[in-house]
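Engineer: Work out the full structure, taking the sequences as your base and the hints as a guide.
Numbering-wise (our numbering), the first sequence opens with residue 4 and increments by one.
Since the hints were made in silico from the structure, they are not lab data.
Any given hint could be a false lead.
[Stated by the list, open to error] Straight-line distance between alpha carbons at most 25 Å, and here's what the computed DSS-like set of lysine-lysine pairs gives:
{"#": "1", "residue 1": "Lys284", "residue 2": "Lys208"}
{"#": "2", "residue 1": "Lys163", "residue 2": "Lys208"}
{"#": "3", "residue 1": "Lys284", "residue 2": "Lys163"}
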Amino acid sequence: MPELPEVETVRRGLAPAMEGRRIEAAQVNRPDLRWPLPENMAGRLTGRRVERLRRRSKYILADLDSGESLLIHLGMSGRMLVSGVMLGDYHLDHPAPQKHDHVVLEMEGGARVTFNDARRFGAMDLVRTDREAAHWLLVGLGPEPFGNEFHEEYLVERLKGRASPIKTALLDQHVVAGLGNIYVSEVLFRAGIDPRRAAGRIASKRIAALVPLVREVLSEAIEAGGSSLRDHRQADGELGYFQHSFRVYDREGEPCPVCGTPIRRIVQSGRSSYFCPQCQK
DNA sequence: AATCCACCCTGCAGGC
DNA sequence: TGCCTGCAGGGTGGAT
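Structural biologist: Below, the structure written as structure tokens:
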């Protein structure tokens, strides 16, 4: 369930169950997800204390007291479910094992964290924390949308001369890290930019305006606990609710919330884009 | 460097 | 409790 807001929501949901606690047992049910899992993963996790849970782009990093970090990517369908903890006034019991439960961590304190991923586009790896920036999955990533390195001049410069559509450019994790198919459509709607326009031919002022809009959309989505499409859930089983705030995504044929023109769906680089043909030029 | 697109895998909805 | 197609929030790798 993975764009930046969903991953951040998962991180926040896992933190109380994991941070400061030891992994008492680790069960690894298959040798690979999208790529092979690291050598002796269960052994390298067992007995280790999770010092911190961090997020970089769409990755979660669990820093262990061994000097390694567990790198987690949810792919398209990955979930991290917490059980055996209190949620408000009631206790979340451990569910029966599900098909596609690939990794199960039993935490000190009684919590269980289950990684379930039907499509197996997700990934896990162990990396030395002090060398994580050089990890092959992280090394080329662009700046964090909320970081200081993501600013107007940067984005204008980065997109200068690019012939690819602005939709494709913003999906490129080397340009800015963490946006995905939903939030790019939402950002471009708010910016009034047609997703088909060549990135390098859009006025600098309009490109610059994307920076605060990216932050605005992502902030609102995080605040809402992410988006729950197709039954995806937060770590505690709750549903995010930003999907109710989509202005164009997944709304083909519905009236534009601004002008009433039917929202259009097109395919770009094999993925759906949604936009208002009247408001976005 | 930029761009295109086949591919990885399973599940589900919709049409027949 | 059919069969088939298309679609799904991810990203890589090879070709051009």
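Engineer: Among the hints numbered above, which are violated by the structure, and what are their numbers in rising order?
Structural biologist: none
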